[in-house]
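Enquirer: Top to bottom, those sequences are chains A and B. Note that the working numbering numbers the first sequence so that position 19 is 19, with each residue one more than the last. Note that the working numbering numbers the second sequence so that position 309 is 309, with each residue one more than the last.
There could be a bad hint or two in this list.
Listed below are the simulated DMTMM-like cross-link pairs for lysine to aspartate or glutamate, each with C-alpha atoms no more than 25 Å apart in a straight line [to be verified]:
1. Lys13(B) to Glu120(A)
2. Lys207(A) to Asp83(B)
3. Lys84(B) to Asp218(A)
4. Lys129(B) to Asp224(B)
5. Lys336(B) to Asp118(A)
6. Lys207(A) to Asp341(B)
7. Lys93(B) to Asp169(A)
8. Lys209(A) to Asp52(B)
9. Lys92(B) to Asp248(A)
10. Lys436(B) to Glu189(A)
11. Lys115(A) to Asp83(B)
12. Lys84(B) to Asp150(A)
13. Lys394(B) to Asp186(A)
14. Lys214(A) to Glu364(B)
15. Lys92(B) to Asp186(A)
16. Lys84(B) to Asp118(A)
17. Lys92(B) to Glu189(A)
18. Lys92(B) to Asp111(A)
19. Lys326(B) to Asp135(A)
20. Lys115(A) to Glu364(B)
Since the hints were derived computationally from the structure, they do not count as laboratory data.
Take a look at the letters that make up each chain.
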Amino acid sequence: MDIILNTLIALSVLGVVLAVILYVVAQKFKVVEDPRIDEAEAMTPGANCGGCGYPGCRGFAEACVKADSLDGMFCPAGGNDVMKGIANVLGMTAEEKEPQIAVVRCNGTHDRRRKTSDYEGPSSCAVSAALFGGDTDCAYGCLGLGDCVDACTFDAIHIDEESGLPIVDEENCTACGACVTACPKDIIELRNKGKKSRRIYVSCVNKDKGAPAKRACDSACIGCGKCVKVCAFDAIVVENLCAYIDSDKCKLCRKCVSECPTGAILELNFPPRKVKEEKPAEKTEVAN
Amino acid sequence: MLKTFPKGGVHPKENKFSVGKPIESIDLPKQVNIPIAQHIGAPSESVVAKGDKVKVGQLIAKSTGFVSANIHSSVSGTVIKIDKILDTSGYKKTCVVIAVDGDEWMETIDKSSGINANTDISADDIRKKVAELGVVGLGGATFPTHVKLSVPPGKTCQHLVINAVECEPYLTADHQIMMEKAEEIMIGCKLIQKAIAAEKVLIGIENNKPDAIKHMTEVAKKFDNIEVQALKVMYPQGGEKQLIKSILNREVPSGGLPIDVGCVVQNVGTAFAVYEAVQKNKPLFERVVTVTGKSVKKPSNILARIGTPINLLIDAAGGLPEDTGKIVNGGPMMGKAVNTDTVPVTKGTSGVLIFPEESASRPEQYNCIRCGRCASVCPMGLEPFQLKNMSKVKMYEELQKERVLDCMECGSCVYTCPAGVPLLDYIRLGKANLNKILRSKKS
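Bound-form chain A, shown alone (with noise of 0.2 Å):
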């Protein structure tokens, strides 16, 4: 009997001893935390895609909270909902931003872009890409191996089995940057979501010479500059022999879209066009 006392009482002690001594610590080492930082978080969308360019949901609350203002504080995952959360929360004001999609600008489907080689390698695009320019004779293009698709963490882009090129899943797509970042070839591209989802895009990133990249691929930019001469908002320029639309001064009046030769600048969820304007219309169902 005595030996089950002994012990109890000694536990107790040791219990009671022990609970002093945490107590103790705990009130001289103790972490005073900014309350509004959890408030913060619950605002995100938790999905600690790493878009915001901090490591995590937590990681970009406790910067808000820290920021003097949210100037360049964005979570593109939540959009411009999260970020007046966030700011009604701070008692700051979050400037509103245009939501934005990732883009592939890349068209060289198996049919347009003919391989040249085979490639038996890791089905990684990293490897691909430090190994040689790809399997086709177009160096820029997409190697259709998937880092993107590995990349992304909302589930928002596949590959395209028929065409080999990634699609944007548009409902998904948060424009976190993840499949920018991963892509070797640097081909897609953060754009303003635009106007019910309407988008003009030239869907190419080559920047060879007009004969060459058209032998590589029936629908590369060949840098003719048709289509800044039809632009009426200065909106196009051809750099380094390759067209590029600046999303902004973008009017989406679809002029370029049907005086490119090669067919390599897409529209995107615009309604079909009367009869005699056929052919764009049909460029829209290979696109993304």
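Given chain A's structure and the hints, the job is docking chain B onto it.
Expert: Here is chain B on its own, set in the frame of chain A:
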């Protein structure tokens, strides 16, 4: 007991089909594409324009820094264009395209066949000439030779180690040079020795070339302080760290250079190129290329001008066999497959190998079971399977700690892996990305 390096290494089947085939010249090509970046370091800058007439040996691209090399025309004719052309790197690179017209050499080049044994030239002049005439390491890495000949202040060099092991299977170019140009090589060694003020020259030759060992030993007797050493056959003995360990039993520290242990290593082909540059004033515009393969009709050692499309070399070796699956530029272990047979010969092209389809593809891939064979054959004592996994998940700090930068990409791990895991592909990627991070930290 023959010497070799103690750690790791493999011994693939040698398959030296072209052994003993005399070095032959082929007809001049109609057109050459000379890439202006053929060496490690800063790419050169083209100094000719479209329409310019050039002679053999004329400077066409100038080095743009200390670690860079001049490039000379390998033919005489007219520059048609300076354009981007697919080369052995797998990418389109700037090339000077020259239409060949006759074979008119620069007057400064000594075309006589006699041997010039007069080595009465100062060390500075040797370095200057080597730099001016664009000599780079001909073992395959194409590191500018004049850089290696400039011993940094505070360091001394006791031994010049000449790499004549030719440890890559299939290749016989160095072997054949030794058989035909032994005396020139010795003079070249003497010149390099003078430039780096080394006490002794040690030539390492693997034991699978007994005729070369015998011949070189004979010729070396005529010169002071040159010693030929026979080594056990083991890949990758041609790696400079392995060669120093084999011959001198000295270990180059991790991240260090051979000069840290008082050595400079040069390839035997480079010694010959130094001889030609210094004694004959001949720029490096041609090199010996082994063209070989199991189904090649006439495996040969061809003296090819830089910029010659490799299909002309293949034609000279009896044409492209019907069962061709892959053409490799370089040796079978470290070489790289090319996309097309029109890529030009560069200063680093030691061989053109043609593999039949059945042996050209990668083995089927299974899961790694951590058998550790890759670690046991790694000559640098690394753990390739770990490095591959770290590289795959982008653990760059750990990669650096595990000394990934010591990897010389010899390919022993991939060669030996029973599961066919693409170890080197990922390690190479990890190295490149880590180097990028380190460079960005520096600047």
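Enquirer: Report the numbers of all earlier hints that the structure fails to satisfy, in ascending order.
Expert: 7, 9, 12, 14
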